[in-house]
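Could you put together the complete structure from these sequences and hints?
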Amino acid sequence: MILQLTVALPVLAAALLAAAGRWLPRLAVDAAALGTAAAVTALTAVALARSPHRPQVAWLGGWGPGTGVGIPLAADPFAAGTACTAAVLTLAALAFSWRYFTEIQAAFHAMVLLFLASMCGFAYTGDLFNAFVFFELMSVVAFALTGYRSEEPSTVHGALNFGIVQSIGAYLTLAGIALVYARTGELGLATAGRHLAAAGPGGGLVTGAFVLICTGYLVKAAAVPFHFWLADAHAVAPTPVCVLFSGIMVELGVYGVARTYWAVFDGLVPLRAVAVLGAAAALLGAVMSVLQHHVKRLLAYSTIAHVGLLLVGVAAATPGALAGTAYSLAGHAGVKGALFLGAGALLNRHRTVDVRDLRGRGRGMPVTGAVFLLGGLFLAGLPPSGTFAGHSVTEHAATEIGWWWYTPLSVAASALTAGAVLRVWAVVWRSAPAPAASRRDGPQEREDPETRVTLGSLPWTMLAPGLVLLAAGLATGLIPGGPVAAAAEAFTGHGAYAALVLDGRLTHPRPVPADPWTLPGFAGAAVTVLLAVLIAAATLPHAAPDGGGGRVGGRLARRPAGRAVGRAAAAVTARLHALHSGHIGDYAAWLTAGVAVLALLTALR
Amino acid sequence: MNLPHLLPYLAAGWIMLVGLYGIVTSRDLVHAVVCLQVTQSGTYVLLLAIGYRSGATAPVFSDRPPPPAGGPVTDPVVQAMALTDVVVGATVTALLLALAVQVAKRRGTLDPADLRSLES
Numbered sequence: 001m002i003l004q005l006t007v008a009l010p011v012l013a014a015a016l017l018a019a020a021g022r023w024l025p026r027l028a029v030d031a032a033a034l035g036t037a038a039a040v041t042a043l044t045a046v047a048l049a050r051s052p053h054r055p056q057v058a059w060l061g062g063w064g065p066g067t068g069v070g071i072p073l074a075a076d077p078f079a080a081g082t083a084c085t086a087a088v089l090t091l092a093a094l095a096f097s098w099r100y101f102t103e104i105q106a107a108f109h110a111m112v113l114l115f116l117a118s119m120c121g122f123a124y125t126g127d128l129f130n131a132f133v134f135f136e137l138m139s140v141v142a143f144a145l146t147g148y149r150s151e152e153p154s155t156v157h158g159a160l161n162f163g164i165v166q167s168i169g170a171y172l173t174l175a176g177i178a179l180v181y182a183r184t185g186e187l188g189l190a191t192a193g194r195h196l197a198a199a200g201p202g203g204g205l206v207t208g209a210f211v212l213i214c215t216g217y218l219v220k221a222a223a224v225p226f227h228f229w230l231a232d233a234h235a236v237a238p239t240p241v242c243v244l245f246s247g248i249m250v251e252l253g254v255y256g257v258a259r260t261y262w263a264v265f266d267g268l269v270p271l272r273a274v275a276v277l278g279a280a281a282a283l284l285g286a287v288m289s290v291l292q293h294h295v296k297r298l299l300a301y302s303t304i305a306h307v308g309l310l311l312v313g314v315a316a317a318t319p320g321a322l323a324g325t326a327y328s329l330a331g332h333a334g335v336k337g338a339l340f341l342g343a344g345a346l347l348n349r350h351r352t353v354d355v356r357d358l359r360g361r362g363r364g365m366p367v368t369g370a371v372f373l374l375g376g377l378f379l380a381g382l383p384p385s386g387t388f389a390g391h392s393v394t395e396h397a398a399t400e401i402g403w404w405w406y407t408p409l410s411v412a413a414s415a416l417t418a419g420a421v422l423r424v425w426a427v428v429w430r431s432a433p434a435p436a437a438s439r440r441d442g443p444q445e446r447e448d449p450e451t452r453v454t455l456g457s458l459p460w461t462m463l464a465p466g467l468v469l470l471a472a473g474l475a476t477g478l479i480p481g482g483p484v485a486a487a488a489e490a491f492t493g494h495g496a497y498a499a500l501v502l503d504g505r506l507t508h509p510r511p512v513p514a515d516p517w518t519l520p521g522f523a524g525a526a527v528t529v530l531l532a533v534l535i536a537a538a539t540l541p542h543a544a545p546d547g548g549g550g551r552v553g554g555r556l557a558r559r560p561a562g563r564a565v566g567r568a569a570a571a572v573t574a575r576l577h578a579l580h581s582g583h584i585g586d587y588a589a590w591l592t593a594g595v596a597v598l599a600l601l602t603a604l605r
Numbered sequence: 001m002n003l004p005h006l007l008p009y010l011a012a013g014w015i016m017l018v019g020l021y022g023i024v025t026s027r028d029l030v031h032a033v034v035c036l037q038v039t040q041s042g043t044y045v046l047l048l049a050i051g052y053r054s055g056a057t058a059p060v061f062s063d064r065p066p067p068p069a070g071g072p073v074t075d076p077v078v079q080a081m082a083l084t085d086v087v088v089g090a091t092v093t094a095l096l097l098a099l100a101v102q103v104a105k106r107r108g109t110l111d112p113a114d115l116r117s118l119e120s
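In order, the protein sequence lines correspond to chains G and P. So for the first sequence, the numbering used here puts the first residue at 1; every next one is plus one. So for the second sequence, the numbering used here puts the first residue at 1; every next one is plus one.
Keep in mind the hints are simulated off the structure, nothing from the lab. Virtual Cβ for every residue (Gly too), placed ideally from N, Cα, C. Some hints could be false.
Have a look at the derived ranges for each label pair, beta carbon to beta carbon [as the list claims (entries may be wrong)]:
id, chain 1, residue 1, chain 2, residue 2, range
1, G, 603, P, 90, 33 to 43 Å
2, G, 399, P, 55, 21 to 31 Å
3, G, 8, P, 7, 41 to 51 Å
4, P, 114, G, 105, 24 to 34 Å
5, G, 69, P, 3, 30 to 40 Å
6, G, 149, P, 91, 18 to 28 Å
7, P, 14, G, 568, 41 to 51 Å
8, G, 560, P, 101, 28 to 38 Å
9, P, 90, G, 464, 36 to 46 Å
10, P, 108, G, 364, 37 to 47 Å
This is the structure in structure tokens:
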């Protein structure tokens, strides 16, 4: 009953709010939405606590596994953990919105709850077509939330790009699901998986089905070259919505790839294509993140980088790497959520999130400053954060299977993204304010305030959610390694998912506990934090605010030898910016090329 | 599999590619959204082709007994999926067209090439 309620309760509340919201006072709408999100958090927490000991499977409408057409909801520890993360982030986002939006309709709350329901449904479902429907519901609500302030030109443009790219991916996923049905006559993840495993290595059709299904999920997970929509959507979406996008929606793409691979295609197709696209995303996202001035866009590219690392962790296809990926996912969700809420506080106070306009203006917002400083350090993997545990465990597991390149990649991506956040902190909170006369003539386009009223001092409802998320990001690193390793073992075990869903039988593996507290782990974290601080210092704009603000390699350009490097860097930077053109045709072309690369790398034996 | 059996699958792939080509070369956002709908139509054809059985009738049992007594019927599961797919497609198209209308209102153009990059 818990699993059905997790999905049904927010849908019901959303329907009621959408219908009756206009006659309800604002307080009642907020209370109803917060109460529902809190209830879902409790339900997912119960499912998470029970899942290692008792099978958490529900066949909808009593159509059990014997009938052949039943649709199961199943919560193994990772599914419940993912749903729980979504619920906690929704709770934080709604609490933040309470005072953040001075004028908002109940439709916003309804859509956020519907978004939560679709994310929980996607995490729990054990059926391919059902997963597609939840995936599409999640996407459609996300488009609507992105374009919520439809009076802004860039908002509707970003939402439209998001919508078209994401929908192409979703339809390719549906085509892949259709191919699985054509081969097996089954839509259940578990039943289709058993059928394919019995048939043996499948050849072209199975490879094609896997590539097509993965495409949609990888578009969601913003793997390069499917990532273009993400920064456009994050830069324009309302800030509380960004928390949900960056914290969990994008990660659900990674979850979708992992779940589909181990439940349906276990051992039938190679995952190297996912590793390649993920590694490309980690590198490109990290570099683009350093090049940004717009804080929300900077955080968006940092999400691309970190999710790229998650994809590589999944593609390593060992329980150890998956355990590390789970740590990283939970830690990243907390830290990135807190950082976005900090960006929201800046936007509320200063009407802009452009670092060039915010120089030295962070005084008077000490809590937000602390969030940015700590958030940057946690992104770099400062112990004992969840990201530290994730990096340590995944790097160990990747090295074990001979992926020597993973550790440098992870260190570089984390250091660059963390350096970008630390630079924001240094410029906004530690620099002297620019004299009013020499301030830039204002950004090309004034950031639209998401609220009419600038609050005199930030109320605790806007500060507490960020701090709680930051604390959660810290606490996830302290989760003992035993249960996480057992959950990863159960997730990746051959036939374990089918045993859980079809036979109601839990597998009880006795794996080596994942242990983040190792010497190489600490060494990696120390190097990453050090590099992050160096990158932040090196890219710090000059004190003179004359347009040199934020130029990459600013310090280098002063030396003659560095000037050539500076010019080359500027050329590359211009090229990278031009690549992210905002042109939907370009994005669709890149997507098509990405599918081709994915197919080639997967089909090669 | 011989050509007549393969034809619906080739047609489905062709329709999806045509839609994608339309989006890539589109000079108008409304046109791009319609091309997206064309891409999706490929999935309808694919789904129905998968469930088709030659000589079978529609899976409606109001006037005759279910198989095996009543003779073969086409697969109702894919038809249910196609129906759901149509509903999903209608939602997506309506929302994207609404966004395209807003773009036209705010930017005064529907040509993606005239829209400024969002990269600051």
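Hints, verified against the model:
For residue 603(G) paired with residue 90(P), a C-beta distance near 35 Å keeps the hint of 33 to 43 Å intact. Remark: the range hint 21 to 31 Å for residue 399(G) to residue 55(P) is contradicted by a beta-carbon distance near 59 Å. Roughly 43 Å separates the CB atoms of residue 8(G) and residue 7(P), a value that falls within the hinted 41 to 51 Å. Our hint of 24 to 34 Å for residue 114(P) and residue 105(G) holds, since their Cβ atoms are close to 32 Å apart.
Range check, residue 69(G) to residue 3(P): Cβ separation about 33 Å, and the 30 to 40 Å hint holds. Restraint check, residue 149(G) to residue 91(P): a C-beta distance of roughly 21 Å satisfies the suggested window 18 to 28 Å. Separated by about 44 Å at the C-beta atoms, residue 14(P) and residue 568(G) satisfy the suggested range of 41 to 51 Å. Distance hint check: the CB atoms of residue 560(G) and residue 101(P) are about 55 Å apart, inconsistent with the given range 28 to 38 Å.
For residue 90(P) and residue 464(G), the Cβ-Cβ distance of about 41 Å falls inside the hinted range of 36 to 46 Å, so the restraint holds. The hinted window of 37 to 47 Å between residue 108(P) and residue 364(G) holds, with their beta carbons roughly 40 Å apart.
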